[in-house]
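Asks: Counted the way the UniProt record's numbering counts, the sequence shown spans residues 1 to 151.
Everything labelled a hint here was simulated from the structure, so no lab data went into it.
Among these hints, one or two may not hold up.
What the hints assert, rightly or not - Straight line, CA to CA, 30 Å or less: simulated DSS-like cross-link-like pairs of lysine-lysine:
no. : residue 1 : residue 2
1   : LYS37     : LYS105
2   : LYS105    : LYS76
3   : LYS37     : LYS76
4   : LYS117    : LYS105
5   : LYS37     : LYS141
6   : LYS9      : LYS117
7   : LYS37     : LYS8
8   : LYS46     : LYS141
9   : LYS117    : LYS6
10  : LYS124    : LYS9
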Amino acid sequence: MNGQTKIKKVMHSFHEINRGFYSVLNNEIAQLGITVKQLLVLRTLKEEPDISLGELAERLQVGCSTMSGIVDRLVKAGYLFRERSEKDRRSLLIRLTEKGAEKQKECDNIFIEQMSKILDIPDKDLEQLLQLHHLLIEKMKTKGAEVKNDE
1 MNGQTKIKKV MHSFHEINRG FYSVLNNEIA QLGITVKQLL VLRTLKEEPD ISLGELAERL
61 QVGCSTMSGI VDRLVKAGYL FRERSEKDRR SLLIRLTEKG AEKQKECDNI FIEQMSKILD
121 IPDKDLEQLL QLHHLLIEKM KTKGAEVKND E
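Please construct the entire structure, taking both the sequences and the accompanying hints into account.
Replies: Laid out in structure tokens, this is it:
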């Protein structure tokens with residue numbers, strides 16, 4: 001197998017795994033009345049509270065107008081609230097409400113439960129898989145740019 005074919009096979013494999021994760025997540029959380037993007041917003045705000053709309057859009061790699069619509073719907077649902085920044089009164093910070101934190105935890109628990117089949121893979125194989133992923137991430141880094149690692 002030549003180099004180009006190997007690269008295409010690796011890319012296809014990652015694409016299929018990503019589709020599988022997304023499909024499981026989407027199918028499960030849709031029943032809870034939330035989208036994958038909305039869950040990612042809740043998860044990001046849990047990990048990084050008090051960030052601006054622009055920072056949130058950048059982290060999730062969507063435009064500010066798209067993020068604004070997602071945040072508006074989450075605010076309306078009672079999962080988020082906006083608050084003026086103490087440091088910069090012109091800036092609005094976005095925070096999880098208690099209801100939003102509960103929804104994020106509920107969705108994550110369901111996703112973990114659905115993905116628990118991964119634990120059928122022997123520990124040594126999982127560890128090797130993670131090492132190979134780390135190696136690929138390192139190989140894909142370019143001068144001045146890094147692949148975001150969401151551990």
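Asks: Are there hints from earlier that the structure breaks, and if so, what are their numbers?
Replies: Failing hints: none at all.
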